[in-house]
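Peer 1: Spelled out from the first residue to the last, the chains are:
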Amino acid sequence: MNATIAWITARGLFGRSRFLLLFPLPLILIGMAWLGSSLGHPEEFAFPVLGGIGIATLLPVTALIVGTAVLGSEIDDGTVVHILTKPIPRWKIVLSKLVVAFGVTTITVAVPMLIAGIVTDGWRLGLGLAAASAVGALAYSALFIALSVLTRRPVLVGLLYVMIWEGLLSNAVSGTRVLSIQQYVISLAHKWADTSLINGTVSITVAFIMSAVFTALGFCFATDRLRSFSVAGETS
Amino acid sequence: MSADGAVQNSVIHDIGYQRYDGPRLSRGYAARSLFVHGLRASFGLGRSAKAKIFPWIIIGIVSAIALIVAVVRAQGGETDIGYQDLPQVASFLILIFLAVVAPELVSRDLRNHLLPLYFSRPVGRVDYVLAKLGALVVAAWLILAGPQLLIFVASAFGGADFLGELKDLLGGFAMAAMYAVLFGTVSLLIASLASRRAFAAGAIAAVYLISLPVVAVVMALGSETARQIAPMASPFMLPEGIREWIWGNGGDIDVGSYGPAYGVVGLLLPAICVLLLLLRYRRVSL
Numbered sequence: 001m002n003a004t005i006a007w008i009t010a011r012g013l014f015g016r017s018r019f020l021l022l023f024p025l026p027l028i029l030i031g032m033a034w035l036g037s038s039l040g041h042p043e044e045f046a047f048p049v050l051g052g053i054g055i056a057t058l059l060p061v062t063a064l065i066v067g068t069a070v071l072g073s074e075i076d077d078g079t080v081v082h083i084l085t086k087p088i089p090r091w092k093i094v095l096s097k098l099v100v101a102f103g104v105t106t107i108t109v110a111v112p113m114l115i116a117g118i119v120t121d122g123w124r125l126g127l128g129l130a131a132a133s134a135v136g137a138l139a140y141s142a143l144f145i146a147l148s149v150l151t152r153r154p155v156l157v158g159l160l161y162v163m164i165w166e167g168l169l170s171n172a173v174s175g176t177r178v179l180s181i182q183q184y185v186i187s188l189a190h191k192w193a194d195t196s197l198i199n200g201t202v203s204i205t206v207a208f209i210m211s212a213v214f215t216a217l218g219f220c221f222a223t224d225r226l227r228s229f230s231v232a233g234e235t236s
Numbered sequence: 001m002s003a004d005g006a007v008q009n010s011v012i013h014d015i016g017y018q019r020y021d022g023p024r025l026s027r028g029y030a031a032r033s034l035f036v037h038g039l040r041a042s043f044g045l046g047r048s049a050k051a052k053i054f055p056w057i058i059i060g061i062v063s064a065i066a067l068i069v070a071v072v073r074a075q076g077g078e079t080d081i082g083y084q085d086l087p088q089v090a091s092f093l094i095l096i097f098l099a100v101v102a103p104e105l106v107s108r109d110l111r112n113h114l115l116p117l118y119f120s121r122p123v124g125r126v127d128y129v130l131a132k133l134g135a136l137v138v139a140a141w142l143i144l145a146g147p148q149l150l151i152f153v154a155s156a157f158g159g160a161d162f163l164g165e166l167k168d169l170l171g172g173f174a175m176a177a178m179y180a181v182l183f184g185t186v187s188l189l190i191a192s193l194a195s196r197r198a199f200a201a202g203a204i205a206a207v208y209l210i211s212l213p214v215v216a217v218v219m220a221l222g223s224e225t226a227r228q229i230a231p232m233a234s235p236f237m238l239p240e241g242i243r244e245w246i247w248g249n250g251g252d253i254d255v256g257s258y259g260p261a262y263g264v265v266g267l268l269l270p271a272i273c274v275l276l277l278l279l280r281y282r283r284v285s286l
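From first to last, the protein sequence lines stand for chains A and B. 1 is the number of the first residue of the first sequence in the UniProt record's numbering; add one for each residue after it. 1 is the number of the first residue of the second sequence in the UniProt record's numbering; add one for each residue after it.
I should point out that these hints are in silico values taken from the structure, not numbers from a laboratory. Mixed in with the good hints, there may be bad ones.
[As the list claims (entries may be wrong)] Ranges of calculated distance between the beta carbons of each label pair, as one might list FRET restraints:
#1 45(B) x 124(A): 50 to 60 Å
#2 38(A) x 27(B): 54 to 64 Å
#3 25(B) x 14(A): 40 to 50 Å
#4 82(A) x 24(B): 42 to 52 Å
#5 20(A) x 77(B): 47 to 57 Å
#6 119(B) x 14(A): 28 to 38 Å
#7 264(B) x 40(A): 26 to 36 Å
Built from N, CA and C at the ideal position, the CB exists for glycine as well.
With the hints as extra help, turn the sequences into a complete structure.
Peer 2: As structure tokens, then:
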């Protein structure tokens, strides 16, 4: 962890008016939860709102934008060279980026999830959702940071993962759920909130272990790739 | 009178600079070049092999779907996917394609501060916007219309009713155009607001993805009227609603008596996006 790198990364994320981009989605989530609670029963709207909007859209999209921006945009600009030439171990660089991505994603997602959960069914649900989204934010951030070192098109690959793998395949083919962060978050939320409003499909042990695996693998992969990173520019 | 003396002594040397007095290509030519370049860039033509991988994967997948449909039809089987269903089946792929290509077309110009260079040429702002938009929409349309043509060729030569197939194909082209215009204008507008490609792509995906569950929730909770109006809010469902209104075969979307409203929204949304794009490009910087 290097405070200077973390500080520069955070400033790059929030610089100009870019942070405004992160606001609309959480507001929509809270708005829909409020609309649902004023119109219908929690059984009807809880899963479409909290699962469909919150866990399946808000969390991965925020993590994708933030996770690929912390390292990917620096690689795009070529400014990553300035960090790489400093005598800082690669794992510290990746860790700093991961901490910032995780922190920003968690704040942007867990807080609205907490509020939406409270509006829907009280504190227990809100806290369970917030904690589960924090775990998901960590796994997603590690994955997307690794992607931004592995490929020049991290957003593209990330979108394919979120939309095709988690969105389309996981609904149709149950086998892919074991490798879907979205399913871990749903399972963890189900367990921690102790509610039947959100039902997970993978077991809690699998969810926990696989989240850790995603995080650890993403971190190690990014560190390893950054070790032999080619700074040659290409404009394809 | 030293000043006068200086004037008299100074000479302008003719070192051979010449004005260009050959034929000048028109503003239309410049706009056309911008369009052609944008269209080529969408498919990675004239770029490195890496840039070609992704667009051609998308084309390959959509063509594969079309090929399967064509084969099933040739075997005499029934498919759920007709010409007009193909755009909906491929809508996620088109969205990912646009989320990648739209920033490629406009965000790079912003990032590299190319706009002042463009606008100091005869290319006007309107030309620039329309050329880029045209390239994006045509690219999206080609990805859908090509595979539709593939199904048509396979069916028409397979001995099916030629005129009937042709009519269906034209209906399919119209649906493809609807998707291309709706998706293209919205994507380009979002992309033109971000100078980083990654941010632009994320923002485009976010807008489209969030609209689906929001509409689903409103449809689940609301009254009959809400169920019939809500799909308008999602770019994925709006074209299907318009299809239900015009052809009456939109499938899962019930538009009730609001069909004309879908038509109006379908016209207004792209129009407003183009208007906002033109407004946005009155300023060169972000």
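Peer 1: Honestly, do residue 264(B) and residue 40(A) meet the 26 to 36 Å range at C-beta?
Peer 2: Given about 30 Å between the Cβ atoms, the range holds.
Peer 1: Taking the Cβ atom of residue 38(A) and the Cβ atom of residue 27(B), is their distance within the range 54 to 64 Å?
Peer 2: Once the Cβ atoms are compared, 56 Å apart, the range 54 to 64 Å for residue 27(B) and residue 38(A) holds.
Peer 1: Taking 50 to 60 Å as the stated bounds, is the beta-carbon spacing between residue 45(B) and residue 124(A) within them?
Peer 2: holds, 56 Å
Peer 1: Quick check: does the Cβ-Cβ distance between residue 82(A) and residue 24(B) fall within 42 to 52 Å?
Peer 2: holds, 45 Å
Peer 1: Please test the hint of 47 to 57 Å on the beta carbon pair from residue 20(A) and residue 77(B).
Peer 2: Given a distance of about 52 Å, which is inside 47 to 57 Å, the answer is holds.
Peer 1: Cβ-Cβ distance between residue 119(B) and residue 14(A): within 28 to 38 Å?
Peer 2: At roughly 30 Å between Cβ atoms, residue 14(A) and residue 119(B) fall inside 28 to 38 Å, so the hint holds.
Peer 1: So the hint says 40 to 50 Å: do the beta-carbon atoms of residue 25(B) and residue 14(A) match that?
Peer 2: Holds, at about 45 Å.
Every hint from the earlier list agrees with this structure, and none is contradicted.
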